[in-house]
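**Student:** Residues per chain are reported as follows:
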Amino acid sequence: MADPIVEVTRLTKFFKTLKAVDEVSFRLEPGEILGFLGPNGAGKTTIIHMLLGLTTPTSGSIKVFGLDLEKHRSEILQQANFSSTYVSMPYSLTVKESLEVFAWLYDVRRKEEKISELLRIFEMEGIRNKEVRHLSSGLITRLNLAKALINSPKVLFLDEPTASLDPDIADKTRTLLRRIKKERGISIIYTSHNMKEMEEISDRIIFLHKGRIIASGKPADVVQSFRRQNLEEVFLQLARGEKA
Amino acid sequence: MSLHRIIALFMRHIYLYRRSLPRLMEIFYWPFLDLLLWGFISLYLVRYRENLPNFVAFLLGALILWDILFRSQQGISVSFLEDIWARNFLNIFASPLKPLEYVVSLMLVSSVKIIIAGTIMSLLAWLLYSFNIFLLGISLLPFILSLVILGWAIGIITISLILRFGQQAEVLAWGLALLFQPVSAVFYPVSVLPPALQAIARFIPASYVFEGMRGIIHTGSFPHHELIQSFALDTAYIGVAFLFFCLVMKTVKKRGLLAKIGE
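Residue numbers (our numbering), protein chains in the order written: chain E, -10 to 233; chain Z, 2 to 264.
Hints were generated in silico from the structure; no laboratory data involved.
Here the structure is a predicted model, which means the values were calculated and not measured.
A hint or two may mislead.
Straight-line Cα separation of at most 16 Å, EDC-like style, residue types lysine to aspartate or glutamate; simulated pairs [to be verified]:
1. K99(Z) - D192(E)
2. K143(E) - E221(E)
3. K99(Z) - E59(E)
4. K85(E) - E114(E)
5. K171(E) - D192(E)
6. K85(E) - E101(E)
7. K255(Z) - E59(E)
8. K251(Z) - E21(E)
9. K100(E) - E120(E)
10. K99(Z) - E64(E)
11. K207(E) - E221(E)
Construct all of the structure, not just a fragment, from the sequences and the given hints.
**Tutor:** Set out below in structure tokens:
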């Protein structure tokens, strides 16, 4: 068995007295898309923030590429990237300038070439000189995803990346992510409230509720184990605390 | 005109002030500082009115130098706020960037802003009032550097406080440097201040700079002593500011505030 890309052990986070994440352990295997599901406040985003070193865990350990995140944060993030629908790009910069900033931040070689490639992949060549403030939220999300690939990461952390996209672009984005995963072998941790999307894109899912893992496995297996038709029904059952 | 709609918006702002100490303090802060500053300027004019041969040079020189300090601080705090306003902050901190690299980049931005603002101010003073700040000589440059370092230190403390206390502390980006103005003896000598404020002024690097500038205008001689004291204090200020920033970063990561301010 190959070494995991991410290995999280008994990760716990308290915000004052609130236990936001409760002894969560999981592994992200090479080339895998791992989906995090759960109602609002389940701890999905907090886990992603801890994986990025933006929030310090109360206890537990995070290893990425076999390295301890606390000690090797900068080294790890050089090979990782992140995109969230709740995070934007510099408003007053153009699409190209924004990507240039991040190309410098990640010390990307052949910056121009990389930016052109991403603009082509995300069908944004025509707006390369347009200021971010004039883009629709869907286009900003695409730009954020382009930014997330600027350093050719080995692992991607995507927090509801398709939340503000229309069904057409959301579908294109999922297709693109699957293609990138296949071609480049990227591992992805993915959160979404769209159950159909999670069923479609994830190799494995983890259900979180009140900071704890309450179910995990392949989407089809989880649906079957709960004797439901689809993930949405499972989600509603788990979120409402109903018994199987 | 609908009264209930006007009341609704009035209430919206009153609610805001009721729970926010920084916003509430802001109401008193500006008038208090204005009163202090203009009060001491008036005292200075009354006390020394017969002995003010270079008053225009004092005032314009002081104004240009104060603006350099203010721009230096703003270069740090407003550039930081730009990323918060653009909701781009998390993208930056989710990268391999280290906190100190972030601060150094803001210091660079601040330097560019100072050069541009300083040049424009000096040019305008020359065009409008025939005041050439460079007649004060090259000796003014180390004093300018001292002000820039103090501005950076105040800027770093400002962004640390915004990180810690969030949006409600944004007002500090414009206000914190001005807290130093009355005790920096910008437009009047330290001797005009009451003894308690004179004691505080001794710990403010800018007070030595402005005293030094007046010394250069008045006597033409270079005040070495003031320069050494201002740099010694600057070193302490910038050291404390860096330390404070690192401590705040640790705290905000622990409390999950870094992620919160970025979204």
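**Student:** None of the hints should be skipped; say for each whether it holds.
**Tutor:** Hints, verified against the model:
1. Taking the CA atoms of K99(Z) and D192(E), the gap is about 33 Å. The hint is violated against a cut of 16 Å.
2. Using a Cα cut-off of 16 Å, the hinted pair K143(E) and E221(E) is violated, with the two alpha carbons roughly 30 Å apart.
3. For the hint pairing K99(Z) with E59(E), the CA-to-CA distance comes to about 13 Å; that is within 16 Å, so the pair holds.
4. For the hint pairing K85(E) with E114(E), the CA-to-CA distance comes to about 9 Å; that is within 16 Å, so the pair holds.
5. With a C-alpha separation of about 12 Å, the suggested pairing of K171(E) with D192(E) holds against the 16 Å cut-off.
6. Among the hinted pairs, K85(E) with E101(E) is consistent with the structure: their alpha-carbon atoms are about 9 Å apart, no more than 16 Å.
7. For the given pair, K255(Z) sits about 13 Å from E59(E) by alpha-carbon distance, which is consistent with the 16 Å threshold.
8. Between K251(Z) and E21(E) the CA atoms are separated by roughly 32 Å; this puts the pair beyond 16 Å, and the hint is violated.
9. Proposed proximity of K100(E) and E120(E) is contradicted: the alpha carbons are some 19 Å apart, above 16 Å.
10. Distance hint between K99(Z) and E64(E) is fulfilled; the C-alpha atoms sit about 11 Å from each other, no more than 16 Å.
11. Taken as a hint, the K207(E) and E221(E) pair is honoured in the structure, with Cα atoms around 15 Å apart against an allowance of 16 Å.
In terms of the numbered hints stated before, the structure departs from hints 1, 2, 8, 9, listed from lowest to highest.
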